[in-house]
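Given the sequences, and given the hints that come with them, work out the whole structure.
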Amino acid sequence: MSPRKAAALRTGDRSLREHLIATAERMMAERGAAGLTVRAIAREAGVADGVLYNHFADKEELLAHALRARAESVERSLDPLPEPGSGTIEENLRAYVRHGLVAHNALLPAVAGLVAQPEVLARFSALSGGERDWRSRLAAYLRAERDLGRLAPDAPVDSATSMIVGACHEPVLSVLFQGEELAHRVPLDAVDGLVAVVLRGIAPR
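Counting along the sequence shown from 1, when you hit position 173 you're at 180 in our numbering, and nothing is skipped either side.
No lab work stands behind these hints, which were simulated from the structure alone.
Keep in mind that the hints are not guaranteed to be accurate.
[As the list claims (entries may be wrong)] The calculated EDC-like cross-link candidates involving lysine to aspartate or glutamate, where the alpha carbons are at most 20 Å apart (straight line), are: (1) Lys66 <-> Glu37; (2) Lys66 <-> Glu51; (3) Lys66 <-> Asp56; (4) Lys66 <-> Glu152; (5) Lys66 <-> Glu98.
Since we're looking at a predicted model, the values are computed, not measured.
Shown next, in the form of structure tokens:
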């Protein structure tokens with residue numbers, strides 16, 4: 008065991024597998040996922056290249072777990088999403104939109120580097136284990152508000168959800184396909200406009 012590896016693992020009780028995932032996650036956060044190789048991860052973790060294959064079937068499995076860890080880290084850094092029946096619909100939708108935009112912003116460097124690796128993204132999706140993601144939580148929130156009578160009885164919840172999710176995806180697509188500067192990819196100033204448009208379609212008449 009190299010001194011660097013030993014030092015890394017002495018700092019806590021996590022296993023070598025967890026150490027490798029944490030290392031890959033940190034590299035994704037700092038440098039993005041483009042060009043992230045087994046050798047680079049192993050070198051950063053202070054282990055031999057072949058050690059990774061003692062804990063993961065392949066690089067794709069490691070990157071999927073690292074991306075999942077990154078998503079969980081981002082989620083923990085955000086404010087809790089509002090519960091149905093609390094506050095006002097307008098305030099709550101602003102919170103959901105901001106949550107989506109900031110989460111997409113934080114995950115963009117990692118996801119952008121994995122577009123050419125669909126196997127990693129597929130495995131990342133499979134790791135959710137049925138947990139509700141932000142989109143599902145948004146849809147569930149809107150349905151609950153409709154059931155509570157705070158939205159129109161015929162409010163098109165699915166369409167409203169798709170509109171909000173699409174608006175949060177658009178900055179990601181702009182970066183991937185138009186080469187916009189990463190620092191300008193989160194249009195938080197557009198939150199109020201988006202919420203106003205959505206409310207016109209779902210508020211009680």
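Now for the hints, and whether the structure bears them out:
no. : hint             : verdict
1   : Lys66 <-> Glu37  : holds (19 Å)
2   : Lys66 <-> Glu51  : holds (15 Å)
3   : Lys66 <-> Asp56  : holds (11 Å)
4   : Lys66 <-> Glu152 : violated (43 Å)
5   : Lys66 <-> Glu98  : violated (42 Å)
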